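Q: What follows is each chain in one-letter form.
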Amino acid sequence: MIKAEKLKKVFRTDEVETTALNEVSFSILKGEFVAIMGPSGCGKSTLLNILGLLDNPTGGDYYFLDKEVSKSTERQRANLRKENIGFVFQNFNLIDELTVFENVELPLIYLGMHARERRKRVTEVLEQMQIAHRSKHFPLQLSGGQQQRVAVARAVIAKPALILADEPTGNLDSAHGEEVMNLLNDLNANGTTIIMVTHSQRDAEYAQRVIRLFDGQIINENIKKNLL
Amino acid sequence: MTRKFFIITFRRWFRDPVNSLINLLGLASGLAATLLIMVFVWNEITMDRHHRQNDSIVRLVQGEWGLHAPALKNSLASFPAIEKTARIDMMFGRQSSVRFGDKLLSLNHLFFTDQEIFDILQIHFVAGNPQEALAKPFSMVLTTEQARVIFGDENPIGKTVRYSKSYTYTITAIVEPLKKSHLKFNALASFEDIPVLTGQDDFLSREDQWNYHYYLKLAPDANHADTKTALNKHLEKLNWNHGKKPEFRFQPIEKVYFDTGVPYEFGIAHGSKELVISFALIGLFVLLLALINFVNISTAKLTDRAKEAGVKKTIGCSGARLRRQILGESVILSTLAMLLALMLVELMLPLLRQMLDRPLPFSVFSPFSLIVIVGLTVLTGLLAGIIPATLLSAFKPVDVLKGFTESRNGKISLRSLLTTFQFVVSIALISTTIFTWQQFRFLSNKSLGIQLENIVFTSLSPEIRKSQEAFKTALEQHPGVSAVAFTNAVPGNITWQESFEIDGDTKQFTFLPTTPDFLKMIGVNIVAGNLFSDSEAELESTIMLNQEAVSFFGWENPVGHRHHSEFWGKYQVKGVVQDFHFQDATKEVGPLVLMNSKRYSLNVCVQYDPNQIAPVLAHFENTWQRFSPEFPLEYHFLEDNFKNYYQDLRMQGRVFLYFSLLAIFIASLGLYGMVAHLAIKRRKAICIRKIHGASSKQLYHLLASEILILISIAFAGAIPLSYLFVREWLEQFPYHISMQWQVFVLSGLLAIVIALITISSHLIRLSRLNPAEALRYE
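So the protein sequences, as listed, match chains A and B. Take the first sequence: its letters are residues 243 to 470, numbered as in this note's numbering. Take the second sequence: its letters are residues 10 to 787, numbered as in this note's numbering.
Mixed in with the good hints there might be a few duds.
Result set (DSBU-like, lysine-lysine): computed pairs, CA atoms no more than 35 Å apart in a straight line [stated by the list, open to error]:
| # | chain 1 | residue 1 | chain 2 | residue 2 |
| --- | --- | --- | --- | --- |
| 1 | B | K690 | A | K401 |
| 2 | A | K362 | B | K693 |
| 3 | B | K282 | A | K362 |
| 4 | B | K706 | A | K245 |
| 5 | A | K245 | B | K693 |
| 6 | A | K248 | B | K282 |
| 7 | B | K282 | B | K246 |
Note that these hints are calculated values from the structure, not bench results. The structure displayed is predicted, hence computed values, not measured ones.
All chains, full assembly: derive it from the sequences and hints.
A: Printed below as a string of structure tokens:
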């Protein structure tokens, strides 16, 4: 599903040039649950942004669904994103002035789905995430765990083939964190590919494979024994 | 401490230069506009308030007349309550000339008056003295400006000028012009000279001509009402008003300028109360718009300042102290804005003087100006700072330090409300401006029922009045001259009032002694009977009526109708002309009687071939010189003369236009600031939408639609406001446009276009954000 070859990302300011990713290569198969780990500043989030088509690499090739996309325009990336990728962030990234329902509905609007169908789908997913009773509330009126469940609901609403999660439990207590990880696990069990950036060894346990990054390079790839 | 306060304040401004500049520019332009309007309003409302014992000075008015007979003076003199009386004859503004050495100059606004005028009005003498200035016959008092025109740098006192060819006047005094008065004169001469100048020996004892103003100074303890009653009784006993009950009243001098309810007066400069009120309102609105910008930007930045407030409160700073800090910053900014505004005022004032045709005296350093400027600065600073100061000092430190976020859950924010209000004012001003221009164009282009094009006219000099026919023949020699005609007055200046006694009623009408040539020249349309003929037998014995006069008099078959009047004797109606605008179209067409007459001709009109205008005017000039070397020729184009009556309206339109532009500018600055703030606050939401597939176009629409909703609400608020104001304003015109809905739509669209242009750069930048980069900073 994903193939990265010698991916490179360099950030330049007037004075400093920082290499965030240095010739990173790996592949991810459809249906895999991969965790990316590493210390702060090692390039995890940069890698996730490139994988999620939020950003283009400075060098190297990136194949998404067998298509080279490293030099795609924003419009092409936007189209690929909305049809194939769901995002879950550490800080939830919900829009404060939209209700829970409206936040979850957002990707479907941009997919051009009919309102009636949207309503049906959102209701289903909110029920699935056990958050339907808060559908008319605003994000700031929810607990962190509830907000992340809304974020997950939004990520899965368009039935994406890939979910990218950036520290999904980083802002949650352990009980809520576990709840969210179980949700991701269930999605993976149903065939969704998941790539998750995390600091937490416990969360990484849910993944089938762990890619360790250090200083912009892959230093280790662990594959769970039971998958070998 | 104070030094630190200033340093921190300036540091804060420099950290956010865009918003600081918006605040400063908006406030400065708002203050400049307010100051300019205040100068105008102050000039208008203090007219004639500078005279000593102002309360005792009155003008005599009876019924509809502001003009009276010269002989009334003796009756007034017998009243102990009336201390001083002065007559003023403006000679109907007739053109006159003075010669000094080789210089021949026109002299306009020469008033003939009594010596007592100096005891009544506050006239400042630069040279000479009030006791002797007009004591001797053929003495003349000049204003400093007029003296400079005639004598240049020479000392004029004791010098002589020749007036109207034959009379020698000695300059006895120089006075400052009365800049703030309804009486605008360039020169004064003795009223007692009039019998000599006009050759009417009985002039001073005549009661049958009402052509003079009376100004009185009452005793300080005199009761105005009692004096008025006693005067009316006295005159009734004398049968001074030919059996009619006199109804004299005293009009306080400071009321004359705004009182346009005395229709038959001459030479009085008037102002419009409505204009002053609408200007004052505009000034207030413009300042309000600028204040709103300030409040909007300050409240938008509250989130940034909340942390500062929280920390300060935690370490013991009181709410009052925080409030003082914000108010202090606000007053500093308003002080800077006022300095900038004063520079703008200095730049703009000459333009405003020219536009409004008023002297508009203003000095920053006069004690009164200083009080107003300091007061306005402090008031503006406090008003602008009070909302942010109150909001910020009300923050609880614990909330703030936990991480303050602006609550936005579907609530209408104060900022949106204030920005909407700015657009209400802007849209209302745009539509009002368009309606004002439409009304101006409507009146300027209105069909008058006569033609005034390609006609030039001038007042006749005494010499030419004596040799009218020869002058006419000489003018007609040029092939470019199509016609030459004499008339008492030209359309726009026809004001002579007469009355008929019909079935026991006095019917007052406008009267024009004129010639058949003139009526042909302006193309009056005859609807019954015939035009006057050139026959001598018809002179002053035939009249023509306009349709309005026919219905006013109630004569069913007017042609051939014979009538008799005490002064004019017998005459017969020769024809009826279609109603035409003999006064400007801001006035309703009233009853008009035309009389076939040469004797009362005061003007000559020359109709010309438009292709030969230059040679015709040269010929006119040469012929005039030949016939009247002692009078300079000052001609006017009939059409322009008529259109001059709409100058007030044009000026009003122009001022509305400028202030609407300013209002839009200030509102746009505010909108720019608001969207800049929105851009920061909405960055995250925009990125999230982008991540989920929103295109740049979709985002632009989303953001622009928020602004459009705001403007639509403003539009809905502006329409009734503008509608009511314009409807009220149009009602003063007997002939006016009907308000078209398209104008409102156009105003709304203009506001939308301006708003979109203003915010587009922000919106485009926002909708093109790279979500990865943007979220990195979240």
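Q: Hint by hint, say whether it matches the structure.
A: Now for the hints, and whether the structure bears them out:
| no. | hint | verdict |
| --- | --- | --- |
| 1 | B/K690 to A/K401 | holds, 30 Å |
| 2 | A/K362 to B/K693 | holds, 27 Å |
| 3 | B/K282 to A/K362 | violated, 66 Å |
| 4 | B/K706 to A/K245 | holds, 31 Å |
| 5 | A/K245 to B/K693 | holds, 30 Å |
| 6 | A/K248 to B/K282 | violated, 81 Å |
| 7 | B/K282 to B/K246 | violated, 39 Å |
In the structure shown, a violation is registered for the earlier hints numbered 3, 6, 7, in ascending order.
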